[in-house]
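A.B. asks: Each chain, letter by letter, is given below.
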Amino acid sequence: MSEAVLLDDEVLKIDNLSMHFGGLKAVDQLSFTIKEKEIFGLIGPNGAGKTTVFNCITQFYKPTAGNVVFRNNKGEVQSLIGVKVHDIIRKGLVRTFQNVELIPELSLIDNVMVGAHIEFKAGLVSQFLKLPGARREEKAIREKAERALAFMGIGDLKDQLAGGQPYGVRKKVEIARTLMCDPKLIILDEPAAGLNDTETLQLADNIRKIRDEYNCTILLVEHDMRLVMSICDRICAISFGKFLACGTPAEIQANAQVQEAYLGEKEAEAEKDMKEEKSPLEKIKDNLLGKEN
Amino acid sequence: MDKKQNKAAAFFKSKYFGYIIFGALLSLLPLATQAGVLKTSMIGIVGGTIIYSIVAQGLNINLGFAGLTSLGTAGFMGLGAYISAFLTENMGWAWEASLIVSIVICVLLGLVVGLISLRVEGLYLGIITLCIAEIFRKTFEELDPITGGYAGKKASFPTIFFGGWKLNQAQNYVLLAIIMVIMMILTYNLVHGQIGRALHAMRGSTSAAQAMGISLFKYRLMAFALSTGYAALGGVLYVHFFRFAYPSTWTLTLSLNIVAMVVIGGSRTIFGPFLGAVIVYSLQDLVIKRIPVIGDLNGISYIISGVLIILVVMFYPKGVINFFSQIKEKAGKSKAAAPAAVPAAQTESGKEENADE
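Residue numbers (my numbering), protein chains in the order written: chain A, -2 to 290; chain B, 35 to 391.
So here's chain A without its partners, still in its complex pose (with noise of 0.2 Å):
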């Protein structure tokens, strides 16, 4: 293992990075930095091995090899191999998940109290008899919870019961439960999935000023193509595990690599286009990918 060093700049530096499952390698030889403050981006087509990466920052996996190297909240680098995985928000870093993970019978600004469970520090006996303490507590945690809402949004739903809140509202929540840690890195698993067009927008500023207003770095995985380029400082491609390219999304459009990984085969099909009518299988597969593009 590597030792753990950041250049100053630096929040988190994925260092040869392998996470094999028997014979498949998912992330094999992974290496990308994240500066400070930065909409950092990964791409890669379905399978590519994006969430195991997420998954492998945030311990869920624990990696065959290679290093995770971060800059915690105290301003510390350190490797998070090992650390345990509810000991990572500690650190400074929370993510949210691809299928939204809210809990359906409790209210919204409950479900956003819950990025706060960190921040406690009344024992149960506190809690059973709600002493002062604790109650001054839980009024704090509750006023930071609306705070958070209000910035995404969705302040005057926060009473209803996330239950019954439509995707988009739940996907909100969702990040407005990553705000309450006070966050240095946050790591967003397909934010704009199941989001219409306006939504989409919406969360793209919603990134943005999270990233000023809460003074973090920001790491997505994003299918959604528009949104990652018009977002993202830097993005990194990645492709059956494998590093393909890292730069801005301009260059990352422009790389030869990346378009033979993720568009090779909508170019393949475009030719094919010219030279015969398509099957309207084949047609609704191009919209879909035209979308992507």
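Just so you know, the hints here were simulated from the structure itself, not pulled from any lab data. All residues carry an ideal CB built from backbone N, CA and C; glycine is no exception. Keep in mind that the hints are not guaranteed to be accurate.
If you anchor each label on the Cβ, the simulated ranges turn out as follows [said to hold, decoys possible]: (1) K118(A) / G183(B): 41 to 51 Å; (2) E363(B) / R139(A): 20 to 30 Å; (3) P163(A) / T287(B): 37 to 47 Å; (4) G160(A) / F349(B): 14 to 24 Å; (5) F191(B) / G160(A): 11 to 21 Å; (6) R153(B) / A147(A): 36 to 46 Å; (7) I161(B) / G150(A): 41 to 51 Å.
Computed, partial: chain B to chain A, Cβ under 8 Å [as the list claims (entries may be wrong)]: (8) L224; (9) A232; (10) G238; (11) S239; (12) Q244; (13) M256; (14) R302.
Fit chain B to the supplied structure of chain A, relying on the hints for placement.
C.D. replies: Same frame as chain A, now just chain B:
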């Protein structure tokens, strides 16, 4: 002055006030029996219901909130009962001291059991806890000097204020009601705070909970130990209320009954376990056994309880406590039916409350 009034107004509107009123209404039962309106045996039945509702409330934290299956409740309840009986009868301890010590011993033992068994989930956890409860029960049978073996262990009504006031059955019953109200308030506080939310999160999605910094093991252990504490409290109250503990009481049947109380009454609610205890424990004595012909058939009440459990689980998975709100919801959906159905539901809920008392 104004602030004080506001505080008072807020209190009357709060859940606490509801629990206290409920406890006060239950405490009126001995007056009714003294006046000859109700039979004296009612005190024993409702008292038992209160005790089981406390135990079920504990399991509610474990099963309802944390989503952990435990079939060992009866074992810990029995343990609490025997320890307290031994400490007061053989060692001459004060009731308060034996109450605290019994609970502490059970919680510590619960922590040890939890440390071992909470590495598995679901059915496996159920089986492990069941085995542990069976070990306890076997111990109760064999450990003659402390538990009295098959012959059972005698205890007496509590003498509270460290030997200052010997209670009779009616007073002991009021004490039970008071303790139940206290436990309701404490449970309410707990589940509406950080720990409650953590338990909710854990049940919903373990990975999301972990990402939010919730240690699964810590909170599972906490839920398990808490439910053990409630069970021990129930056991102590039981042995001093019924003044006898037999090994045959603390069986799998009792554990399953307590699970049924939580499920039928309505998990994740405060009144649910009480309602469940009424249905599972006292409905047979209060209602079914009094119905002519049917009530005389031996064992029929068990069949009715079983059928009820199935019906509730199939049609009201949220429990009987949500029965009326669910009806109102349905009535609200078909607007034409709404004005007729809501008053009907209200009068029925009124009847149910009367039955509770």
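A.B. asks: With reference to the structure, classify each hint as holding or not holding.
C.D. replies: Results for each hint:
1. K118(A) / G183(B): 41 to 51 Å: Once the Cβ atoms are compared, 49 Å apart, the range 41 to 51 Å for G183(B) and K118(A) holds.
2. E363(B) / R139(A): 20 to 30 Å: holds (28 Å)
3. P163(A) / T287(B): 37 to 47 Å: holds (46 Å)
4. G160(A) / F349(B): 14 to 24 Å: At 19 Å between Cβs, range holds.
5. F191(B) / G160(A): 11 to 21 Å: Once the Cβ atoms are compared, 47 Å apart, the range 11 to 21 Å for G160(A) and F191(B) is violated.
6. R153(B) / A147(A): 36 to 46 Å: Holds, since R153(B) and A147(A) (Cβ atoms, about 42 Å apart) stay within the stated range.
7. I161(B) / G150(A): 41 to 51 Å: Holds, since I161(B) and G150(A) (Cβ atoms, about 49 Å apart) stay within the stated range.
8. L224: Holds - the Cβ of L224(B) comes within 8 Å of chain A, reaching about 6 Å at its closest.
9. A232: The hint holds - A232(B) has a Cβ within 8 Å of chain A, the shortest such distance being about 6 Å.
10. G238: At about 4 Å, which falls below the 8 Å cut-off, the nearest Cβ of chain A leaves the hint on G238(B) intact, so it holds.
11. S239: Cβ of S239(B) sits 4 Å from chain A, so the hint holds.
12. Q244: Since chain A brings a Cβ to about 4 Å from Q244(B), closer than 8 Å, the hint holds.
13. M256: Holds - the Cβ of M256(B) comes within 8 Å of chain A, reaching about 7 Å at its closest.
14. R302: holds (7 Å)
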